[in-house]
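*Asks:* Spelled out from the first residue to the last, the chains are:
Number of protein chains: 2
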Amino acid sequence: MSWIDDVKWDERGLVPAIAQDALTGRVLMVAWMDREALERTAATGEAHYYSRSRERLWRKGEESGHIQRVREIRMDCDSDVVLLEVEQAGGIACHTGRPSCFFQKLDDGRWVTVEAVAKDPKEIYRTLDQERDAPLSTPQTREPGE
Amino acid sequence: MSWIDDVKWDERGLVPAIAQDALTGRVLMVAWMDREALERTAATGEAHYYSRSRERLWRKGEESGHIQRVREIRMDCDSDVVLLEVEQAGGIACHTGRPSCFFQKLDDGRWVTVEAVAKDPKEIYRTLDQERDAPLSTPQTREPGE
Chain A
740 MSWIDDVKWD
750 ERGLVPAIAQ
760 DALTGRVLMV
770 AWMDREALER
780 TAATGEAHYY
790 SRSRERLWRK
800 GEESGHIQRV
810 REIRMDCDSD
820 VVLLEVEQAG
830 GIACHTGRPS
840 CFFQKLDDGR
850 WVTVEAVAKD
860 PKEIYRTLDQ
870 ERDAPLSTPQ
880 TREPGE
Chain B
740 MSWIDDVKWD
750 ERGLVPAIAQ
760 DALTGRVLMV
770 AWMDREALER
780 TAATGEAHYY
790 SRSRERLWRK
800 GEESGHIQRV
810 REIRMDCDSD
820 VVLLEVEQAG
830 GIACHTGRPS
840 CFFQKLDDGR
850 WVTVEAVAKD
860 PKEIYRTLDQ
870 ERDAPLSTPQ
880 TREPGE
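Just so you know, the protein sequences line up as chains A and B, in that order.
Position one of the first sequence corresponds to residue 740 (the numbering used here), numbered consecutively onward.
Position one of the second sequence corresponds to residue 740 (the numbering used here), numbered consecutively onward.
These are computed hints drawn from the structure, not numbers from a lab.
Hints should not be assumed to be uniformly reliable.
If several chains are the same, the list does not tell them apart, and a pair holds so long as it fits within one copy or across any two.
As the list claims (entries may be wrong) - List time: in silico DSSO-like cross-link candidates among lysine-lysine, alpha-carbon distance up to 30 Å: (1) K844 <-> K861; (2) K747 <-> K858; (3) K844 <-> K858; (4) K861 <-> K747.
Since we're looking at a predicted model, the values are computed, not measured.
Based on the sequences and whatever the hints tell you, model everything.
*Replies:* Take a look at the structure:
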């Protein structure tokens, strides 16, 4: 029985994974992991997730360069949520170019964006998109955090 | 169109909700919310969740007394995860009597409990169980954090 079998995977074989900034303590993003994503995260020390939309393993930062070096992997009391303590490359976790994905704040009955874009997503993803000889991807089609 | 409609509820009508300690920055727990739980959380300033096992609304601390006063409600970039900044009553979020539910750490291929129990769960839940004239509940049957 391996440590990976202690995780209570849901009916899809996934668990939510939270990435928290080791320096600031900020919650950066939440994505999903399957067994392979968690095993690779543990083996490589770099955060890997499972993309539900693309239905494949996804190394955080593989397109953006905003990789996450993992300092610590934790699991909750009922073993169905993973918490990563990470060093966030570039200080940007979100595909919108913001440090954290949690930039919408409920204020007086509406969601307000309370955090500025640190880097234009067009800049972040430009190189790859040019290599592909494809039009710039819209951030909306990407996973949170990618 | 209300702010609650901006949330992207999953096929079960739920989203994951993270509670983060406003003082320490620690991630305390993750539970699920339905529309009613989020609306009540916003309206009352106390964290409410949806219990999947009990299939009902659940006010955090209703049994343990370990309520969560909500300072801020945030949502992520694709609007399917909620983040609460909370003041944790009693300094204990976990049903095991620990400050945080994330007390299992991956260490050299196994999960190690790295945090001591601050208060015996039997103490936490004693009053209620006596009132019910029922045997002490086993913590394993409770929701994470309750």
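*Asks:* Determine for every hint whether it applies to the structure shown.
*Replies:* Results for each hint:
{"no.": "1", "hint": "K844 <-> K861", "in the structure": "within (24 Å within a copy, 37 Å between copies)"}
{"no.": "2", "hint": "K747 <-> K858", "in the structure": "between (37 Å within a copy, 26 Å between copies)"}
{"no.": "3", "hint": "K844 <-> K858", "in the structure": "within (20 Å within a copy, 34 Å between copies)"}
{"no.": "4", "hint": "K861 <-> K747", "in the structure": "between (38 Å within a copy, 25 Å between copies)"}
The earlier numbered hints are all upheld by this structure, with none contradicted.
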